[in-house]
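Engineer: Start from the sequences, fold in the hints, and give me the full structure.
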Amino acid sequence: GIQVEQSPPDLILQEGANSTLRCNFSDSVNNLQWFHQNPWGQLINLFYIPSGTKQNGRLSATTVATERYSLLYISSSQTTDSGVYFCAVGARWGKLQFGAGTQVVVTP
Amino acid sequence: DAGVIQSPRHEVTEMGQEVTLRCKPISGHNSLFWYRQTMMRGLELLIYFNNNVPIDDSGMPEDRFSAKMPNASFSTLKIQPSEPRDSAVYFCASSSERTGLTEAFFGQGTRLTVV
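Same order as they appear, the protein sequences are chains A and B. Those letters in the first sequence? Residues 1 to 108, by my numbering. Those letters in the second sequence? Residues 1 to 115, by my numbering.
Simulated from the structure, these hints should not be mistaken for laboratory data. Just so you know, even glycine gets a beta-carbon here, dropped at the ideal spot from N, CA and C. Accuracy of the hints is not assured; some may be wrong.
What the hints assert, rightly or not - Pulled a few chain A residues facing chain B out of the computed Cβ check, cut under 7 Å:
hint, residue
1, 42
2, 96
3, 100
Unchecked claim - Derived CB-CB ranges, DEER-like:
hint, chain 1, residue 1, chain 2, residue 2, range
4, A, 16, B, 58, 40 to 48 Å
5, B, 28, A, 56, 18 to 26 Å
6, B, 22, A, 12, 37 to 45 Å
7, B, 98, A, 27, 21 to 29 Å
Structural biologist: Okay, here's the thing in structure tokens:
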């Protein structure tokens, strides 16, 4: 199956800081999603981004499919950004392979 | 749309008992997935259905686990008999293949504790 590696595994940020999370994957994909798992355990869809660049408020993401990586940018971080960020990829049928996640803690 | 709906949200059961988890996918979605999340293994796919038909159940841990999708708006995941190592959060997700966009949406999960 497709291998998904996320880095860094942990990230501590001061409120207001910017950060970049990375996702590398081992094979061609037709689906790539970024999720935020909040402290209550909910998986929130951030981006559906098999290629290209998207922005949503303080968050943006870029996927370079030919080089098999995706980046998630968090700007002006807030305490509500804390949680685990997952990258998940799929080759077909919407079936997703998840990375291990990046645990983000934003301190006041 | 109400999103993917799972029930119950929490389940505590004794070892050996049968457990049934339920899922209602987003209306119009034709693919449904069951995932399990544990600290040790992260998020792993158990089984997925397309047009109510099980396509890949290779992630189902063992014969104690079974899943059904009798119609397009309902699926169950059953564990019989349950064991303490089945304790985890079980997520259901759905997506639509028809549009060519395969974005998956997740339910709130069922936290299962087997004592």
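Engineer: Would you say the C-beta atoms of residue 16(A) and residue 58(B) sit inside 40 to 48 Å of each other?
Structural biologist: With Cβ atoms ~45 Å apart, the hint holds.
Engineer: So, residue 100(A) near chain B? Judge it on the closest CB pair being under 7 Å.
Structural biologist: Interface hint status for residue 100(A): holds (6 Å vs cutoff 7 Å).
Engineer: If you take the shortest Cβ to Cβ gap from residue 96(A) to chain B, is it below 7 Å?
Structural biologist: Since the shortest Cβ distance to chain B is 6 Å, the answer is holds.
Engineer: Kindly confirm whether 21 to 29 Å is satisfied by the beta carbon distance between residue 98(B) and residue 27(A).
Structural biologist: Given range 21 to 29 Å: holds, Cβ gap about 25 Å.
Engineer: Can the suggested window of 37 to 45 Å be confirmed for the beta-carbon pair residue 22(B) and residue 12(A)?
Structural biologist: Since the Cβ atoms of residue 22(B) and residue 12(A) sit about 38 Å apart, the hinted range of 37 to 45 Å holds.
Engineer: Does the Cβ-Cβ separation between residue 28(B) and residue 56(A) fall within 18 to 26 Å?
Structural biologist: Taking Cβ atoms as reference, residue 28(B) and residue 56(A) lie about 24 Å apart, which means the hint holds.
Engineer: Going by Cβ atoms only, is residue 42(A) closer than 7 Å to chain B?
Structural biologist: holds (6 Å)
Checked against the numbered hints above, the structure breaks none of them.
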